[in-house]
Each structure stands twice: as C-alpha cells, then as structure tokens.
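Based on the provided sequences and hints, a complete structural model is requested.
Residue numbers for the sequence shown follow this note's numbering, so the first one is 10 and each next one is one higher.
Take the hints with a grain of salt, since some may be wrong.
What the hints assert, rightly or not - Have a look at the derived ranges for each label pair, beta carbon to beta carbon:
#1 Tyr79 to Lys29: 18 to 26 angstroms
#2 Ala44 to Leu77: 21 to 29 angstroms
#3 Glu48 to Phe25: 18 to 26 angstroms
#4 Val70 to Gly49: 17 to 25 angstroms
Everything labelled a hint here was simulated from the structure, so no lab data went into it. A virtual CB, placed ideally from N, CA and C, is assigned to each residue, including glycine.
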Amino acid sequence: MKYSYGAKMIIPVRCFTCGKIVGNKWEAYLGLLQAEYTEGDALDALGLKRYCCRRMLLAHVDLIEKLLNYAPLEK
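And the structure:
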C-alpha cells in the first residue's frame, strides 16, 4: 500500500459545533493569507460567517509536518 503525503493537512472535516463542512476550505484559506488577505477577510471570502466555523480555521495548528518526521514507513 502506497501512501501519498501530497495534501498535507489534518484539519477536521466538519465544524465541531454546527457540523458545517470546513475541511475543504483550508488550502483556499492559506492561499488567501499568502495573497495578503487578513484572517477576517479571508474567512469572509470563504463564506464562513459563524464564529464556530471561523474558529476551526483560526485555531488549527498544522502539526502534520512535524509528525511526518516520525513516519514509520520511511524506516
């Protein structure tokens, strides 16, 4: 079985509070931040109006890069 680490994200698929799908917005959010949008403007552009959904992206810490250093498949 071959694993693909191309899409490196471990963001929850749905908002914990309301259940709206937010996992598909992570890469677009990062792209908007690189295009020098503010965090609030980027979330508005993605259509995230509820504060519970906004929290899902704002509070996410992308630890996958650090975890991949300990991947058992590379040994």
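| request: May I ask which of the numbered hints given earlier this structure violates, with the numbers listed in increasing order? | output: Hint 1 alone not satisfied by this model.
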